[in-house]
Structures are given as C-alpha cells and as structure tokens.
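Based on the hints, put chain B in the right spot on chain A.
This is what each chain is made of:
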Amino acid sequence: MEKSIIRFLKLWLVQVAAILIIITGCGKNSQHKTEIEFWTLQLTPEFTNYFNDLIKRYEKSHPFVSIKWVDIPYDGAVQKLMASIAAHNAPDVINLSSDFLTKFYNINSLMKLNSLLSPEEVNSYLPNAFSYGVFKKDTVALPWYLNPYALIYNKAMFKQAGFTDKDVPTTFDEMSTFARVFKNRTGKFAFFLNIGKDSFLPMILESEGVHMLSPDGKRAAFNTPEAVAIVDKWVSLFREGYLPRESITSSQTSIIEPYMSGMVASVFTGPVFLTRVQSNSPGIYNVTGVAPALTGKTGKSELAVMSIAIMASTKHPRESLDFALYVTNAQNQLAFSKIVLTFPSVREALKDSLFTIDDKSPIGHARYIGAKDVLTGIRLRTYFTHPDFDKLKDSFDEAIQSACLGKMGTEQALNKAAQEWDKVLSGNSQ
Amino acid sequence: MIVRPTKFPASESKNLIAFFFLLPALAALTLFSFCPMAYIFLLGMQRYNPVQGGTFIGFQNYLNLFRDTNFWWTLLNSIIYIAVTPVLIILSLCVAMIIREKIKGRKIFRTIYFLPVVTPIVITGIAWRWLLNEDVGLLNFLIVKSGISAHSVHWLTQYPVNLISVMGVTIWRGIGYYMVIFLAGLMGIPKELEEASIIDGASWFQRTLHITVPLLKPSITLVFIISSISAIKVFTEIYIILPGAPIQNKTLVAYMYQTAFEHFDLGYASALGVVLFLFTLVFSYMNMKLLERGSAP
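These protein sequence lines map, in sequence, to chains A and B.
FYI, the numbering for the first sequence is 832 to 1261, going by this note's numbering.
FYI, the numbering for the second sequence is 18 to 314, going by this note's numbering.
Chain A with its partners taken away, still in its complex shape (with noise of 0.2 Å):
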C-alpha cells in the first residue's frame, strides 16, 4: 500500500514538473513578443480568409506582434465589451459601429489619438467618415468600412405596375406619393421603410430640413407643424394599409427580409444587402435596379460608418494604432471592398476601377452609384452621439409606434417624446 503511494507521488512530481518545464518554456519564448487582441463584429465565416491573410501579412512584417483576432456577434456585442472591460481583459483594437463609439467613449473606455495621428494620417481618410470617430475634439476612432444608402427596387414589379425606371422616386415625398398609387394599381407594397423599430422618420425629418435636436443639444426639436406634417404622411401611409405592418416592428438588420421575399417592390437600405439577395433570391437579384438614396429637400443623404478604436486599457498603445492604421489602409480596405459591397473609407482606394466603371450589374451599379455618395454623407441623426441615445430612440419610436396603431395622433406622439427627450437631455430621465 505504502509502495504504491509513493509510486503515485514519484509520478505525481515528474508531470507537475514536466508542465512547469513546458510553462517556462512557453513564457521564454512569448517574452519578445507582443500580442495584440483584435475584435472585429460578426465577420466570420463570410470573410475567415481575408483576416487570416491580412493578419498573416502583419506578423510577417512585424515579427514580434502577434495578432490574436476575435470576432464576436453584433447582437451581443457591446454586453461582451463591456463585461471585459469590467474584468479587466478588454481587446486592443476594436472595431465599433457609429452608435457602439458613442457608447464607449460616454464612459471613457476609447484612447484618444489626436496626437498619435500624423495630418498626413488623418488626411488620407474621407473627411465625413473621420468626423464620425470624433466627439468633441476627441478623435477615437479610425473610419474603416462605409455604408451609405440607396434605393434596391424590382424592375419586374415596378413593370407590372406601369412604371419604368425614369418613374423611380427620388425624394421621401415622391415615395409617400408613389406607395399609393403603386398599391392601388398592383394591390402589392412599393416600398417598405422602418417607421416604428429602428424608425427613419428622424433621419427624413433632418433630411427635409427639419431638426431633431435644438442648436445647444439641450431640447427636443421636432415637435413642430413642420415635422407633424412630415411624419403624418407615413403614419398616414401605414394606417392605410400602404406600408406593410412589419415596418413598425421590423429591426434595421431584418429590413431586406421583405424585399428578398418579393412581399415589397422596393426598400431603403445599405447596398450592403444585395449580396444577401444575390445569394439568396437569385430570381429578384436579376430584375433588381439600384438608385441614389432618398432625400429631403436639403438633399443630405445619411452614412453608416463601421470604424476601428483602440481601447483605452490596452497595454500597447503604438503597436495597436499600428495595426488600426494597417487594417484601415488603401491596400486593405480596396481588398475588403473586392469581397464585399462596402466601400472604403480612404480617398485613394475610392479611386480603383471597382468603383469608377458600371457594369450595369445590380452590384458594380451600386458600387458606382454608391463611391459618390460616400463623399457627400454625413450623419444626420445627430443625437446619436447623445450618451442615452439608446433612450432617446426608444421613446421616439415607441411614440411613432402608438401613433401608427391608433392609441394617439401624430401630433400627440410627437409632442409626448419631445417630453420625454427633454427628461433624457436634461439627465432627469430615471
């Protein structure tokens, strides 16, 4: 008994020392080398081979950094952060959408780069695309892919309607006109537009001329007759049965749902979707036409911008920003845009062939409609860089919500969450 007891302790001893030999050496050899935590949201497995060869690259280049990429959901993605900037492992560099920056640079978790960015840096970027990672005068954040806006549309049901391309709306006016008179010819939708979730209505009303915010930030400014009459028409719309019920539930990223479906003739939405519809709806893909986005009266169309951030707490602020700066560059950003109908953020790859030449094919069309009005957008809702946009937003379309179902008329919905967004801007709000 005793024997076998100091048999099991001899071999106990040799494998705890073999792990701490093992351990060591590891910890010898990781020593000279810096590891960098990348995230990125929601890429994989679409484009697994495109990171792999860009981080590939790096390392190649840059023989101590070592890249470890993470891509986590986009739904989840800000209780991820956040939960590991609570416990102290946060990533190095991030990549954030426009509504995400603002939530992090709120609670001071961004490193600012205002004098790690050489002019010449921060000139190769689209101006509009940089001023979304700056809040302000705080820059945090690098602009990487873009999104601007366009109207994805069905030659064949437009067809059937009496309509042609030259009768393509152009304005948010001219499609709360055509939506009806679509419907009523086809008995089929024109258009679907997220009024309720997610709404629009703020960014048409800004397009229209028409702010949300007043000039100090500090008060709601939307309920006016001006901005009743405009979001009237699209309660008006969806009451009437010209808007399909969805659009007061439907989430921003389920938008193209009703398109691919054939439900709807047209929608509003980033040209980003028509690889979905490629893939999926091959039938629609080959009658859809793709035109500029709809604006107001002011002609300002909106931009979504998926940028870079380095982490506040990151151990390695150069190294990161290097990386940033390398993922965001021409070469990269040019090669991403090949593999996917983003467009980049940087002057110089916006001048590749990709974008300058139509091929006429839903895709190259959208590519080059879309390489011009990612020069001109700019961000329109501009509360959402507001440290409670999230509540802001809610209650605006909770309100949109009531009005569109009946319980209360435009006016009153309106008038109800400007009171509410006076609560949240004056920092009262529970």
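There's no promise every hint is true.
Cβ-Cβ distance ranges computed for the label pairs, FRET-style [stated by the list, open to error]:
hint, chain 1, residue 1, chain 2, residue 2, range
1, A, 1188, B, 53, 55 to 61 Å
2, A, 938, B, 53, 20 to 26 Å
3, A, 930, B, 230, 20 to 26 Å
4, A, 987, B, 201, 53 to 59 Å
5, B, 38, A, 919, 32 to 38 Å
6, B, 72, A, 919, 49 to 55 Å
7, A, 958, B, 294, 33 to 39 Å
8, B, 250, A, 987, 44 to 50 Å
9, B, 201, A, 938, 49 to 55 Å
10, B, 72, A, 996, 38 to 44 Å
11, A, 946, B, 298, 52 to 58 Å
12, B, 159, A, 1016, 23 to 29 Å
Lysine-lysine pairs mimicking DSS-like chemistry, simulated, CA-CA at most 27 Å apart [said to hold, decoys possible]:
hint, chain 1, residue 1, chain 2, residue 2
13, B, 162, A, 1014
14, B, 208, B, 234
15, B, 250, A, 911
16, B, 162, A, 1019
If you're looking for bench data, these hints aren't it; they were derived computationally from the structure.
Idealized CB from N, CA, C, for every residue including glycine.
Only chain B this time, still in chain A's reference frame:
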C-alpha cells in the same frame, strides 16, 4: 472505571456524511447563485455602470419604479402571462391521459407532442413569427380565405393580441414537457382503484374527477409551480417573436433586459430584479399554501 471514547450515534454520523457530500453542491450554489443574488440587492441601491462602478443612492431606484409607467405595464403583462399556467395544466393533462390509453400510434403522438420541447426556441420562435406575419403569414391567409374574418388579425402589433400570441406559443411549447410529468404521475396511480370504480359503474368523467385528479395532486402542484414561475420569468419567446414591439407590450423580464443590457442601467435593472424575485417568491408561497389547503382532508 473504563472510559469509552465518545462516538457519534449512527444517525448523526450518517447526517455528517450526507452533509459532506452536499458540501460541494452547496459551495457551488453559494458562489454562483446566492452570492450574486445578495449582490443584486446591493446593486439595486446604486446607480451602477459596469465600467465606472456605482454610487450609493439608497432606495431611489425603488422609488423611481413606482413612478415608472413601463414598470407597471410590464408587471401587468407578467401577471397576465401567468394565465398560461391553468391552460397548460388542463391541456397537458388531457394529452397525457389520452396518450396513456393504448391507442394506435401513441408513441408517434408522444414524440410529436414532445418535439417542440426539444426544438430550440430561436428556431420555433422565428417559424412562429413567419406564421403570424400580418401581411403574408399563413395564419392570416387561412383566416381570411376561410371567411372567419374579412380582415387579417394583428397578431404581432396590436396589444394585447401580440401578448396573447406569444402566450399561445408558450402553451404550444409547454404541453409536451408537462405531459411527460403528468404521464409519470399517471403511471403511479394504482390500476386497482380505477378497475374498482369501473365495477362500481363510475363513468370516465367521474373516474377522472374523483380518482385521477386527486391522486395526481403532487404532479399538478409541481406543474403549477414550475409553469407559473416560468411564465413570470418568460423572456426568450418575447425577445424572438416581438423584437420590435413597444416595451409596454412586453413582460417585466424583457424590461429588465432592456434596462440592464441595452441601456446599461444595472442599478435600476437590479431593483427590477429584486421586485421580480419578491413577486415570484410571494406568488409561489401563496400557490403552495393554497394547494396544500386544497389537499387537506
């Protein structure tokens, strides 16, 4: 005089061994359940952000709750949601009793009824959302085509129809699960009692009312408590089927989720959690007392 070494009596040493084996589970429960629960009470008294930490504000979060219309609406919806419990008990008991009989293909039926339980709610939720689609959903198509209604029903947008739609999905999913519990309970009822009642001329209804249901009381109590707690805590169905509905159409747990993980107001969300916990505790206690009283001779 011989002094014997003191020994634990046999029953006490048995207890010690039992406690020894229970210790790891108790430690895990304390660490992962009781400590976080206690921490929630502390968080409920703070304005808390996971990154910047918290500031103590006493009972301010609880006072805010009373002024918050979203809280009252979602609490009301959670209470309404408990209505799935009696429906679930009746339906799953009926199914269990039918399936217990030696009917042809009962194994297939048992599998069919249990299928929704083992299918991930995300998949079934999305499928239901398609079925309930107000413009092109199958349900509205059938309703309009068959002439039941001239207009489509607003399953997903009109309150409280949307809440009832989700309750329907919960019932559909729950029948198979509770059916299994009732089947196990039915197996335990001595055949002799039923046979004797048949000889005495009792009808099927009388047998069910005076023999089956009273003897199934422990199973019914269990199902009542489990299903009502699940109903109060319902979240996934709401999250999948009514993603864009106003918060006042949703339940307390959905509101708690929005407050905690979308608005990151963890202090207020914790206060909501404490209220939900107390509500569930009181409700379950009352249930048990009520059912105990009902079973007393």
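Here is what the structure says about each hint:
no., hint, verdict
1, A:1188 x B:53: 55 to 61 Å, "holds, 59 Å"
2, A:938 x B:53: 20 to 26 Å, "holds, 23 Å"
3, A:930 x B:230: 20 to 26 Å, "violated, 55 Å"
4, A:987 x B:201: 53 to 59 Å, "holds, 58 Å"
5, B:38 x A:919: 32 to 38 Å, "holds, 37 Å"
6, B:72 x A:919: 49 to 55 Å, "violated, 21 Å"
7, A:958 x B:294: 33 to 39 Å, "violated, 52 Å"
8, B:250 x A:987: 44 to 50 Å, "holds, 48 Å"
9, B:201 x A:938: 49 to 55 Å, "holds, 51 Å"
10, B:72 x A:996: 38 to 44 Å, "violated, 60 Å"
11, A:946 x B:298: 52 to 58 Å, "holds, 55 Å"
12, B:159 x A:1016: 23 to 29 Å, "holds, 27 Å"
13, B:162 x A:1014, "holds, 21 Å"
14, B:208 x B:234, "holds, 17 Å"
15, B:250 x A:911, "holds, 23 Å"
16, B:162 x A:1019, "holds, 18 Å"
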